[in-house]
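S.K.: Below are the chains, spelled out letter by letter.
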Amino acid sequence: MSNPISHAFKKAKSENRPALLTYTVAGDSTKKQSLEILKSISKKVDILEIGVPHNTPVADGSQIQTSSYRAIKNGIKINDIFKIVKDFKKFDKNKPVILMGYYNMIFQYGENEFLRKCKISGVNGLIVVDLPWPENKKFASKCKKRSIFFIQLLSPTTTKNRLKKIIKDSHEMIYFISMLSTTGGKLKVSPKEILSNYDKIKKINSRKNVVIGFGITEKTIKSLKKADGLVVGSAICGEITNSIKKRQNPVTNVYNVVNRLKKKLNELDNKNN
Amino acid sequence: MKLKKRIPVIDQGDKLGFWGGKFGGNFVPETLKKPIEDLEILFNKLKKDKNFINERDKYFKNWVGSPTRFIKLENLTKHVGGAQIWSKVVSDANGGAHKIYNATVHCLLAKRSGKKVICGDTGAGYAGKMLSMAAKKFGLKCKIFMGAKDIRRQQPNVKAMKKNGAEVIPVYSGSQTLVDAVSECMRYWVANCDKVAMCVGSTVGPAVFVRICGWSTSQISRELKTQLVDEFGSVPKKLKLYNCVGGGSSSFGFWNEFMDYDKKQCEFIGVEAGGPAKSKKHAAPLTYGSKIGILHGAAQYVNQNTDGQIEETESISAGLDYPGISPLHCFLKDTKRARYTAASDEEALRAYKLVTKFEKLRPSLEPSHAFSVAIAESKRFSKDTIVVVNSCGDAYKDRGIIEKRLGKKYV
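First to last, the protein sequences are chains A and B.
For the first sequence, the tail end lands on 273 under the numbering used here, and the numbers increase by one without skipping.
For the second sequence, the tail end lands on 1411 under the numbering used here, and the numbers increase by one without skipping.
In case anyone wonders, no lab produced these hints; they're calculated from the structure.
Quick caveat: nothing in here was measured; it's all calculated off a predicted structure.
Incorrect hints may appear among the rest.
Restraint ranges, calculated between C-beta atoms of paired labels, are given here [to be verified]:
hint : chain 1 : residue 1 : chain 2 : residue 2 : range
1    : B       : E1312     : A       : S2        : 40 to 50 Å
2    : B       : A1277     : A       : E218      : 53 to 63 Å
3    : B       : K1408     : A       : P134      : 51 to 61 Å
4    : B       : F1232     : A       : K164      : 39 to 49 Å
5    : A       : G75       : B       : E1231     : 52 to 62 Å
6    : A       : N242      : B       : K1162     : 26 to 36 Å
7    : A       : E172      : B       : E1312     : 35 to 45 Å
8    : A       : R116      : B       : T1226     : 53 to 63 Å
Straight-line Cα separation of at most 25 Å, BS3-like style, residue types lysine-lysine; simulated pairs [said to hold, decoys possible]:
hint : chain 1 : residue 1 : chain 2 : residue 2
9    : B       : K1015     : A       : K164
10   : A       : K168      : B       : K1034
11   : A       : K160      : B       : K1034
Here are some of the chain B residues that sit facing chain A, going by a computed Cβ distance under 10 Å [as the list claims (entries may be wrong)]:
hint : residue
12   : N1026
13   : V1028
14   : K1034
15   : S1173
16   : V1179
17   : M1186
18   : D1194
19   : L1295
20   : H1296
21   : G1297
22   : A1299
23   : Q1304
24   : N1305
25   : G1308
26   : I1310
27   : E1311
Just so you know, even glycine gets a beta-carbon here, dropped at the ideal spot from N, CA and C.
When you get a sec, could you build the whole thing from the sequences and use the hints?
M.R.: See the structure below:
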């Protein structure tokens, strides 16, 4: 059985556009609302990344931190997150779901038990921000055994030698961090430079699906259309915060943002034709 | 799990940076792998380089002011009526605390690596103050991350940092204390690691930072060993070294040179912050049996809930107010080389009162925790037992808190 993540990339490619990946924090602003958001954006998005909120995140900027703290304050626990995934999958069983978080949460839950729960609830991939290669080798192979993609991260600081080794050990999807930044930073390097780094990765192995994340917004998404996939996270988390501030409905507002992002990708399509 | 002899503890980690196979490591975002590796290569090279060591020693001697005093607390000894109580007055060091050693070494490393900016975290403000001093001395720009709550309660050190030209960046996330300052500093480094050097203010963080800090503060025990031999002719037969433990930098440095002695001869006692007597919150993960978890890039015993969220701590002393503990101390605990216990806020304050009543010494609230346990235990020790307490900080920074809790006459 192939992983739905692979299928999502194939579909996007057949439509001559990058896959759209969104990141929202589980339980933001409430358990119920985060599920509603997933359901509402589902048909516009190719792959859903769901953040497992942690209270000492060393790689997240202010928007995702705000979302995470809000979700934790509103009582989200890991088991609730599995429930959210499970409920979402009842609604749209083929939509790939990736959990993204920090290793301590997995470590406390127990790697095996965590993966068992991932499998039962329908998680298709995992991104563990602070479990780099080669530390992640054992856990990554445990994921593989259960047909869950362990998604390796690459950064502009990753040396060429290291790139090769990580790509060799990677599963079908790879996450390239566009620049030196925490999540949600302003895009401080040119799209050209990002894409040149991206090309280096693709050159080593063109079959891997490489997504680009960090600094991607409605403004910047067009410039990176060449990638296999693009991840938007902070811009969405920030929208939830703004909606709450303005006493508007986050579900509608997030849908609108995602809809515009998707349109931008489809527009490209038309231009290309 | 075993402690090896004749190998420095900082070098007893495995290839991936784990002590005892499970403490420490490098749980960091991919972006930091390269800068950490660069720093490791640089540090491993320089710590064997005679010129570098001479340079370090020159600054330690002429600028930090080494050795710091080793004094007998005659009146306190008489009052307690048991062991001889001595103190290593590390607060004599330039800037008033042990944090100067790590800050100096990090700035020397930053210079060698060609970086022009250094960033650091701080709790009590000492790590930040010292880093700002060292940065100024070595011509580096300096950014200090500090919890907003700590900025309010440690004003004298904040003023000192600013006077030294450092930018103090308040951190408003989470509990607004040291744990959040370290997180924010690491995030800043993630975004700027190509141009900026990072100094982690204690023996915590990714493995190389644990090692650099432990290597730097070991100056304390090098001095002490010489001073003990000068005073007693040899290292005493019954020696007990008391030190407060927050992240664990001063205690590790205070003990390192004595690591290979049998613990019956040289016992190490680490005193964690037990927090307010009436509160369930504390900053004593070793004493109260916290589980192993990952915090700031390293596996360690850490206060956390069952989900793995890091728990808020509470302590009167900002310098000890940290939910985790150095991997080195986890290792020393599990190999049973050191013994750990805690003192409450109230006990620390009582110890401060007692020490300042009998002696011309004003330990800050951090070492007051160590004094509390040392005084209590000294009563039952024989007169030939040598108890040494590391007075690793000066109470000047705590004036506000001490005045509020004990009244003006104690300031």
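S.K.: Now tell me, hint by hint, if it's right for this structure.
M.R.: Hint-by-hint comparison with the structure:
no. : hint                            : result
1   : B:E1312 with A:S2: 40 to 50 Å   : 45 Å, holds
2   : B:A1277 with A:E218: 53 to 63 Å : 54 Å, holds
3   : B:K1408 with A:P134: 51 to 61 Å : 58 Å, holds
4   : B:F1232 with A:K164: 39 to 49 Å : 59 Å, violated
5   : A:G75 with B:E1231: 52 to 62 Å  : 59 Å, holds
6   : A:N242 with B:K1162: 26 to 36 Å : 34 Å, holds
7   : A:E172 with B:E1312: 35 to 45 Å : 40 Å, holds
8   : A:R116 with B:T1226: 53 to 63 Å : 58 Å, holds
9   : B:K1015 with A:K164             : 20 Å, holds
10  : A:K168 with B:K1034             : 19 Å, holds
11  : A:K160 with B:K1034             : 11 Å, holds
12  : N1026                           : 7 Å, holds
13  : V1028                           : 6 Å, holds
14  : K1034                           : 4 Å, holds
15  : S1173                           : 6 Å, holds
16  : V1179                           : 6 Å, holds
17  : M1186                           : 5 Å, holds
18  : D1194                           : 6 Å, holds
19  : L1295                           : 6 Å, holds
20  : H1296                           : 7 Å, holds
21  : G1297                           : 7 Å, holds
22  : A1299                           : 8 Å, holds
23  : Q1304                           : 7 Å, holds
24  : N1305                           : 9 Å, holds
25  : G1308                           : 4 Å, holds
26  : I1310                           : 5 Å, holds
27  : E1311                           : 9 Å, holds
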